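Novice: One letter stands for each residue in the lines below.
Number of protein chains: 4
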Amino acid sequence: MTDRFTPTRDDKFSFGLWTVGWQGVDVFGGAVRPRLDPVEAVHRLAELGAYGVNFHDNDLVPFGASPTERESIVKRFRRALDETGMRVPMATTNLFSRPVFKEGAFTANDPAVRRFAVQKTCDAIDLGAELGATVFVMWGGREGAEADAAKDVRTALDRYKEAVDLCCEHVRERGYDMRFALEPKPNEPRGDLLLPTVGHALAFINELEWPDMVGLNPEFAHETMSGLSFSHAVAQALWHGKLFHIDLNAQRIGKFDQDFRFGAEGIRDAFYTVRLLEDAAWDGMRHFDAHAYRTEDAAGVWDFARGCMRTYLILAEKAERFRHDPAIQEALAVAKAGQLAEPTRPAGGLEEIRGATYDEPALASYGYGHERLDQLVNELLLGVR
Amino acid sequence: MTDRFTPTRDDKFSFGLWTVGWQGVDVFGGAVRPRLDPVEAVHRLAELGAYGVNFHDNDLVPFGASPTERESIVKRFRRALDETGMRVPMATTNLFSRPVFKEGAFTANDPAVRRFAVQKTCDAIDLGAELGATVFVMWGGREGAEADAAKDVRTALDRYKEAVDLCCEHVRERGYDMRFALEPKPNEPRGDLLLPTVGHALAFINELEWPDMVGLNPEFAHETMSGLSFSHAVAQALWHGKLFHIDLNAQRIGKFDQDFRFGAEGIRDAFYTVRLLEDAAWDGMRHFDAHAYRTEDAAGVWDFARGCMRTYLILAEKAERFRHDPAIQEALAVAKAGQLAEPTRPAGGLEEIRGATYDEPALASYGYGHERLDQLVNELLLGVR
Amino acid sequence: MTDRFTPTRDDKFSFGLWTVGWQGVDVFGGAVRPRLDPVEAVHRLAELGAYGVNFHDNDLVPFGASPTERESIVKRFRRALDETGMRVPMATTNLFSRPVFKEGAFTANDPAVRRFAVQKTCDAIDLGAELGATVFVMWGGREGAEADAAKDVRTALDRYKEAVDLCCEHVRERGYDMRFALEPKPNEPRGDLLLPTVGHALAFINELEWPDMVGLNPEFAHETMSGLSFSHAVAQALWHGKLFHIDLNAQRIGKFDQDFRFGAEGIRDAFYTVRLLEDAAWDGMRHFDAHAYRTEDAAGVWDFARGCMRTYLILAEKAERFRHDPAIQEALAVAKAGQLAEPTRPAGGLEEIRGATYDEPALASYGYGHERLDQLVNELLLGVR
Amino acid sequence: MTDRFTPTRDDKFSFGLWTVGWQGVDVFGGAVRPRLDPVEAVHRLAELGAYGVNFHDNDLVPFGASPTERESIVKRFRRALDETGMRVPMATTNLFSRPVFKEGAFTANDPAVRRFAVQKTCDAIDLGAELGATVFVMWGGREGAEADAAKDVRTALDRYKEAVDLCCEHVRERGYDMRFALEPKPNEPRGDLLLPTVGHALAFINELEWPDMVGLNPEFAHETMSGLSFSHAVAQALWHGKLFHIDLNAQRIGKFDQDFRFGAEGIRDAFYTVRLLEDAAWDGMRHFDAHAYRTEDAAGVWDFARGCMRTYLILAEKAERFRHDPAIQEALAVAKAGQLAEPTRPAGGLEEIRGATYDEPALASYGYGHERLDQLVNELLLGVR
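Chains as they are written, first to last, in the working numbering: chain A, 5 to 389; chain B, 5 to 389; chain C, 5 to 389; chain D, 5 to 389.
Treat each hint with caution, since some may be false.
Each pair may be met inside one copy or between any two copies, as identical chains are not told apart.
As a list, the in silico SDA-like pairs of lysine to any residue whose alpha-carbon atoms are at most 20 Å apart [said to hold, decoys possible]: (1) K165 <-> A351; (2) K79 <-> F67; (3) K165 <-> N210; (4) K16 <-> W214; (5) K340 <-> D130; (6) K16 <-> E51; (7) K340 <-> E166; (8) K16 <-> L52; (9) K16 <-> S101; (10) K165 <-> L242; (11) K165 <-> L212; (12) K340 <-> D162; (13) K16 <-> G288; (14) K16 <-> L242; (15) K79 <-> D41; (16) K16 <-> R91.
Keep in mind that the hints were calculated from the coordinates and are not lab data. Keep in mind that this is a model prediction, so the values were computed, not measured.
With the hints as extra help, turn the sequences into a complete structure.
Specialist: Set out below in structure tokens:
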């Protein structure tokens, strides 16, 4: 079935190999689905209308593969890309699965572990660059602590900065066209992770050697775990000029990392996020970092992938309607939404502000009409207007 | 009863007038305690060993007071300070109680409200400066949204920046010795607040006109509401050189803003925070932004204040013991805690890292002894070692 | 504008006087709207299509009113009911606002407070009965603790049971046609409340003297504060035959008690709740325990009330479509949803179960198609199918 | 080192084989520790002073083992028990790890899966009975939903009841001395689990065929995930006479299931739980359902186990001191804690309550001294009184 919500390459949707390839292993149970060949993933995603596919180094090339094996794998993968026209917009490295990283990677207490992590990341950067990736995501899955005594956070941030600087140095030396995107997360698998939110990561960047090379990869699930508004986080990242990549999925607040299909929960926040990206004409990938429920077989995985993209397109259409809905626009005027763009500083500057008299009772009694506005948006979302 | 946990002025403890003065009004019930005269608050806190007292403009001078009333109030208050030797280390302004701010203050959609908010803040700065405050806290209690459609976050951040810049300008023009400290909070009273965490506020500062004038006032309860580690947040603020003030209290994760007595919940995070402040020899005020339970009469309020300070001193003593406990120090060595200070970059730089061979199995099998370390800290906290 | 989502009396919508009458007082700010006359509330709600109006004793009759005042107020209120045809389906009592209840009401440590609370409740029952209420809600807003040492929970439950038994006794003696509905809440205003969830209250009922007289009043916001599924809670209450009343509103997980307009957050859980009530042909009131944002003037309050009812009707229509959507019904078959109704016990009983051989690999490899099903529901909700 | 906190068999501590045997597999990484032989676990735990060891069927006997293998394993295990004097107080079954249970077990939509689950449970009951277990825990790890449309909760509760009834029937037929303990959990691994809290499970029991045979196994981490007070939950379970078993560990609110060492977080709630168990002279096992951090090697596991028991004994000593601390007892009197035991019903019954006059202002102005009391408890916990 093809309809107006059937994606095409122009929609710039991408998936991670690890998303459609997730076999369902969780803390309480083993794999429920067979391994997915990356080449099959490329072909299936291409058929569904995706633009690109992303990977951790070891999603594609198993850890410890010989140069020959690596070459053979890359060759076969590249052929799949060529056959389908699919791209690799982003690459990343897995610094969390192997036991060596159990105490951290870039911020491990042991310098040898830290260096090994940097080495592995540089190798992954090379692999990504080789396949055309221009964004390299950094998620520090094991950078954190349960026993706070064991980790000095300030020193750990020194080491985090040092590792990111080293990776930037590598990219500069090689002359790659590649930028970094930090992915914040508050907890899980560690009790508390470093750079736990979009805000903490944005602040961190300012201390780096080459801050222009580094931005953010905000993830819907990760911000939502902390109960924060994802669309607000994305807006602040855009405000700083630092939205380099995005991870779309779904999550309920205060739960384990759920990585549900985009829109499966939190549809309002999803809508405002889509509206923001579209209004900002943001030119990055609409990347889905999610996976199919564990109840699914292989076929369910493709239903999952299709659903992510459809929901984005449905919400994008609603964002377009939002802009042209007369009742909504009228309600925005009642809410004085447009007047937020007016500078607070008047012609007469601070002096004028200080000298003026404000009619506080009149300002206080004004009704902003948010109930009506919000209900209109809700009915737009529910498709009854 | 005086013991080693009885505070003195040297401990630099301060309270807000609004903390000991809280009358118990909440969403579900009215005042349970009579109004506390700020002058009495000064005397009582001085007797208990506090160093200073802080206030919102309208904690001291009622909104709408005439210049004569203001003068008389300030004169009487200053006399209490002089009699007791108490200081006013910090001042702030109330931009959340009056209905005029129901839709925001610095980021209200209505420019007149924004200007009124800046005017009120400048007046509060003058009041604070007059009484000797060198830190001015900014908590944007109504800067946020429930109906997301009504508030463009990026534009709101433009206005937020503009307002803070205007306040900085005012301080510079007047030549006050005063710095600003932003206080983040994730939600309540608004559905979602702007600058929801320490991280978001730290990032925001980098876009200001005079970033050196602005730092953070992290609050234990506010970070904890989002489930984030408060001591990690304070550590990152210190790392950026931006810890200008601190709000100590207690809170359970994912609840309404509880503002409990310091240490009443989350004793471990409280301990690591105290240890951090003491280890860093941070020279700011140990400020308590908390209030007595609603079950208390006036006497209970002073028990509450005494408890906040005692718990800090108890934890500070434990932090000192931590440094000298041989078993803990040995466990830190097992955890390789000290090796985090070693730069990751070796003499040979990135090239050396990339060329080296790492003994992954050996690194992976090492036991860091965190269970033992954490239990030792727990027993230190429980006073059985 | 009248459309198919314009409510009528047949839809059985009710509001509390305290909901449309909320003046916006919160912990951080005062009233933003004038007091609403209960008589006006009745007329406005009737015009909007509501069926009934509910109240706490002191929403209608101020605390301490003389018998004459009470009579006059009731007479005037009854006239409004008569003029509009509005009913009072439910009444309740306010055991949380006055300072006397600061340490609890039915479970206060002081026996005099407990007796006063029972007296006040009996008076409120009489008032409710006089105005035709057949459900009496009990929300123990101050039954709980911050300082756990001060409250023995087991003894408190003894007292809680005793108080509910006393109220039942009163109803039986008077021969009222009235049942009780307990309203659970996890926290706020107390640190931890007794009977924190629907489950705890359901269990408690079994220990009462007249368990048949007592059921539940689950509230969307209250269950959601704990991160629990509201529709699951309502389903379990129905399963026990204990859904006596319901409080519809909206809430984000892990936040202060938000009491937003129904559907403003958590639209999926709202949909499943509506579907459940409609599928179960539940004959109780669709009661809204919510309030308008603090940004609103008086007009916004009626937009709020209208929005609650419209959203319910929109979701009820979707529930109806769900039942007849062929693709959804097909997906339910793939999910084997209908087979859950088949008893697990076979004809041969336990022995047959134990003796049978199960084809585990075949059962394990089945794909339940939840991704497709869930996406279909999402698209139904979004109005694109 | 032996001190007064070194456990002995008389302290009735037990551990699950799966706790000390956890190899560190989580969603983001593989095993970090070698497999632990159950026989070694028995010996090590016995040396540390534990009383017993518990298991899921497949912790001891691998799924699919032949009768001969089973016999050999059980024989070897029993020998370890005999050599050490260790007991098996509790057994349970794993209905969550194998893919066949991905959509549920007792409440799976497919009747064959449900029957297989009952069969597996009966086998596990036999195994437990054979080794002397008198409590059988039921944790429904996969009983729940992500796609709510696929699971009718009311029908699922019918099936849940049926399965528990079948298991009771089995125990009655065999004449085992065995009771069941339901273990609630709000979420993870499923999006929402059935019987999410202690309250929901307590209510459920009342609908069973043999309610006397079934009680609760509350877990610290599981209640805490929802932000509920664990000690309150245990108190309510005791109040209903339904505390059949307990799972002690540690957890932060609103996070993934952390299963930390007892006392590692939430020390106050842990203290009140220990005080409750000791004051109630509860005669069940003090069972730890926790695991060592992933940073640990095999030695760290035994530090972890030692720490759990030590912390319990430290807190039990503090509970004893609480009872005899004159200042605390005096503060309890101020809080009128003892007066909660007085029946609310006076000699003259309801009539007396209704006819009495209460001095509301006097009752309202009383100060309960909770700040002082709570601080005293805090200082007791911190070991400075």
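Novice: Hint by hint, note whether the structure agrees.
Specialist: Evaluation of the provided hints:
1. K165 <-> A351: For K165 and A351, the Cα distance is within 20 Å only across copies (18 Å; inside one copy 43 Å).
2. K79 <-> F67: within (17 Å within a copy, 41 Å between copies)
3. K165 <-> N210: Both: 10 Å inside a copy, 17 Å across copies.
4. K16 <-> W214: So K16 and W214 fail the 20 Å test inside a copy (28 Å) and across (39 Å) alike.
5. K340 <-> D130: neither (51 Å within a copy, 31 Å between copies)
6. K16 <-> E51: within (14 Å within a copy, 50 Å between copies)
7. K340 <-> E166: between (46 Å within a copy, 19 Å between copies)
8. K16 <-> L52: Intra 12 Å, inter 46 Å, cutoff 20 Å: intra-copy only.
9. K16 <-> S101: For K16 and S101, the Cα distance exceeds 20 Å both inside one copy (29 Å) and across copies (37 Å).
10. K165 <-> L242: between (22 Å within a copy, 15 Å between copies)
11. K165 <-> L212: So K165 and L212 pass the 20 Å test inside one copy only (6 Å; across, 23 Å).
12. K340 <-> D162: between (45 Å within a copy, 16 Å between copies)
13. K16 <-> G288: Within one copy, since 8 Å is at most 20 Å while 49 Å is not.
14. K16 <-> L242: within (18 Å within a copy, 40 Å between copies)
15. K79 <-> D41: Intra 14 Å, inter 44 Å, cutoff 20 Å: intra-copy only.
16. K16 <-> R91: within (10 Å within a copy, 56 Å between copies)
Of the numbered hints given earlier, the model fails hints 4, 5, 9; all others are met.
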